[in-house]
Amino acid sequence: MVPIEISGVTLTYDTPSGKVPGVKDISVAIKPSEFVCIVGPSGCGKSTLLNMIAGFLTPAEGEIRIDGKKVDGHGLDRGMVFQDFAQLFPWRTALGNVCFGLEMKGVPKDEREKIAREQLRLVKLEKFCSSYPHHMSGGMQQRVAIARALAYNPSVLLMDEPFAALDALTRDDMQRLLADVWRETRKTVIYVTHNVSEAVYLADRVLVMSPHPGTVKIDLPVTLPRPRDPLSIEFIEHQKILLDHLGHAAGGGAQTQHA
Amino acid sequence: MSDAAAVVGRPDARVGRQTWRTAWRNTFPFLVVAALWEIVAWLGVFPRQLFPPIEDIAARFVSLTASGILEHHTVDTVLRLLAGFGLAAVFGVAIGVAMGRSRRAEDILLPLISIVAPIPGLAYAPLFLLWFGLGNLPSILLVGFVSAFPVIFNSWTGVKAVKEIWLRSAQAMGADDRRLFRQVILPGALPYILTGLRLGLAQAWRILIAVEMLAAVPWGLGWLIFGARKFLDTDAMMSGIVIIALLGLALEKFVFKKIEDYTVVRWGMVK
Amino acid sequence: MDDRTRSLIRGGVSIVCVAALYEIVARSGHFSPALMPTLPTIARTLIASIADGTMIWHAAFTLYRVMVGFVLAIAVGVPLGIAMARFPRVENFCLPLISALMPIPSFSLVPLFMLWFGIGNTTTILIVLYAATFSVVFNTWSGVRAVNPLWLRAAGAMGADERRLFWKVIIPGASPFIITGMRQAFLRSWIAVVGAEMIAASDWGLGWVIFDAKEFLNTDIMLAALIVIGAIGYVFERLVFGSIERATVQRWGMVRAAKG
Ligand SMILES: Nc1ncnc2c1ncn2[C@@H]1O[C@H](COP(=O)(O)OP(=O)(O)O)[C@@H](O)[C@H]1O
Ligand SMILES: [Mg+2]
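Protein chains in written order, with the numbering used here: chain E, 1 to 259; chain U, 260 to 530; chain Y, 531 to 790.
Isolated chain E (complex conformation) (with noise of 0.2 Å):
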């Protein structure tokens, strides 16, 4: 897919009380069809830093660059699933929220439904189609918003703490599809979390950042095969490095799933 390149990046919010810094010098390159979690104590800016790639926020310095091309506003190259269930569209069907994108390119409506339906067989909601989004539970509603964010073949899939507001076990299925989308897909993915262990199953590479300012501290890559055992030794090792770096980072912030 493509490369993403973050060099100096830099935002601070202007608020009626002040100045809050929001992230400072942040640079990164993703390379293609990389998987990348980002973790860190809330507060420390990682939705910033998406929001920045995804073009809703400006970076005041520094640039970022996808495939080269810097990044202006939002673009059908990038596609975005958020914590909220209540992303989904409420007055469309699953089908009809997973048609939006394809819609807004102009794809005639037969070809956009049979890609639609394509997608929500992808995340094994095939038989819900026809369903609003109230009908279904916050799991499959945050399918719904994985397919959606696939439906137009962005190269790009921006996910901010997506599974945040799910039970642990949902939560695990919900990791395991995942990792099974992007292992079809090969999508460039850059996935906010603050959850550790979900960080080691699913990333190529993990970063880790610290607030005041929101800096990335850590940048360290996972190499145990897929599909990974969060139940084996290597798995609790790279949660125990990450954990370390947390504690560092946040004073224990952050919180074990597995545990």
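Hints should not be assumed to be uniformly reliable.
As the list claims (entries may be wrong) - Each pair of labels, with its calculated beta carbon distance range:
| hint | chain 1 | residue 1 | chain 2 | residue 2 | range |
| --- | --- | --- | --- | --- | --- |
| 1 | E | P227 | U | K419 | 42 to 48 Å |
| 2 | U | V292 | Y | A676 | 45 to 51 Å |
| 3 | Y | L631 | E | T58 | 56 to 62 Å |
| 4 | E | A86 | Y | A676 | 47 to 53 Å |
| 5 | U | V501 | Y | R768 | 37 to 43 Å |
| 6 | E | D173 | U | K419 | 33 to 39 Å |
| 7 | E | P227 | U | R362 | 50 to 56 Å |
Stated by the list, open to error - Straight-line distance between alpha carbons at most 30 Å, and here's what the computed DSSO-like set of lysine-lysine pairs gives:
| hint | chain 1 | residue 1 | chain 2 | residue 2 |
| --- | --- | --- | --- | --- |
| 8 | U | K419 | U | K517 |
| 9 | U | K422 | E | K114 |
| 10 | E | K69 | E | K240 |
| 11 | E | K70 | E | K24 |
| 12 | E | K124 | E | K114 |
| 13 | U | K422 | E | K127 |
| 14 | U | K517 | E | K127 |
| 15 | E | K217 | E | K70 |
| 16 | E | K105 | E | K240 |
| 17 | E | K19 | E | K240 |
| 18 | E | K19 | U | K422 |
| 19 | E | K24 | E | K217 |
| 20 | E | K19 | U | K419 |
| 21 | E | K124 | E | K105 |
| 22 | E | K31 | E | K124 |
| 23 | U | K489 | E | K109 |
| 24 | E | K127 | E | K109 |
| 25 | U | K516 | U | K419 |
| 26 | U | K422 | E | K109 |
| 27 | E | K19 | E | K70 |
| 28 | E | K24 | E | K69 |
| 29 | E | K70 | E | K31 |
| 30 | E | K217 | E | K240 |
| 31 | E | K70 | U | K422 |
| 32 | U | K422 | U | K516 |
| 33 | E | K114 | E | K127 |
| 34 | E | K31 | E | K69 |
| 35 | E | K240 | E | K24 |
| 36 | E | K105 | E | K127 |
| 37 | E | K124 | U | K422 |
| 38 | E | K105 | U | K516 |
| 39 | U | K419 | U | K512 |
| 40 | U | K489 | Y | K744 |
These aren't lab readings, by the way, just hints derived from the structure by calculation.
No residue lacks a Cβ here, since even glycine has one placed at the ideal position from N, Cα and C.
Could you slot chains U and Y with the ligands onto chain E? The hints should help.
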């Protein structure tokens, strides 16, 4: 799934008894009130002309209906309602949405509306009668003017309350401004807009009945009950009130309930 | 210039423009000054009528009618709403009646009440009562039913008996709805009293003034009375109910539960 459907669909003596019980429970209070009314009427505490027994009212209702007079009044009232409320719906939604979308429109219109809106609608009636004469024109204009405010306020709130995350998702999927508006902002604001239309219609209905009494229109339910007073014709007056109650109930229960069931309820945006 | 000042300036400009437009039309001579008095005329009339006390008397009459009706509506509505929510029998009996009566506009009862009670205070107060009661009943009823069962269980576990459960949990828990109901009820009373006075009052009352002014083409008095009506409504809606809300449900972080 299919099993559950079969259970529900099976004709069941208990289900039949249940509906019958509900029906009885809903009619019983009316029977009690009717009986009390009858007793008071027959005791002759008040003159029969002022407090007629129910059979008098029913007889009058039937004769007024048979002669087509009640229908004529009803049709005229409903037409005025549709005309006035139609104006309010079109202009109200347009103004409200414009205010929600554009800061400039909001800054300009909000102060004017906040000055005009808090005054009870009927208080404008004499002014409208002076400026536009008697009859249909002032009635319809006043109904439209008054019922536009809830529509404006709710459309405005609704557009502002559209979730940020929907806008972001749609933008991330490449929606331009026009499509953002049609595909996200309008449906997203719809629960509020419908609430506004519903409140507006209720308002229009109340104002219309009153304004028909004041504007000297030749036909209409408001005029019917007001005119009946001069002849101490309580029967005709009660007949008019019954029709007004039924129409009010029908507007509430059928028109808007149907629209809401089909849209925002189906989408799970309201319970 | 920040956003707030720009909003204020735009708002001010828009009000001034509309006022100027009105003034120009009024002075152009296209319409009779009796129908379209100039703004200074309206202001003079307003000040004069307040100074000689007539407007104050009109307002006092209207407020008296509205207050009596409104207080009666609360006295009837709150207990009834609570009773309906607590006792299924009361609910079964009252709910169908209320659902049938609620859609009847209060104005449509004015001619009937005039027949029964004549012109004057009784009729107007009863119309206000009719207009206001249902909002109070309905909101109280919904409020008591909407009290979070968790609170009841928690209070029960802490040893609250029936009586204290009622006063310490149910009433405060339902209060956002009850306050909303009162607010709605006042709004309706205010609308109803103006309408009722137009048709069924004599000599005093703001509604009567407006309608009477029409007969004599006293548009300036009419508009002056409109201003007074708007001002009183505003004071109650914003200042009175607004501060009640701020002092109670907003302080407790309970958002207003139902919208009018
Ligand atoms: N819209 C905003 N306005 C002001 N400050 C913000 C805003 N969004 C985030 N911040 C601040 O920027 C910092 C980073 O926030 P964020 O990127 O949301 O962190 P994370 O996603 O890691 O929890 C925090 O201190 C937060 O308070
Ligand atoms: Mg975040």
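Starting from the hint list further up, note which numbers the structure goes against and sort them upward.
2, 4, 10, 16, 17, 23 and 38
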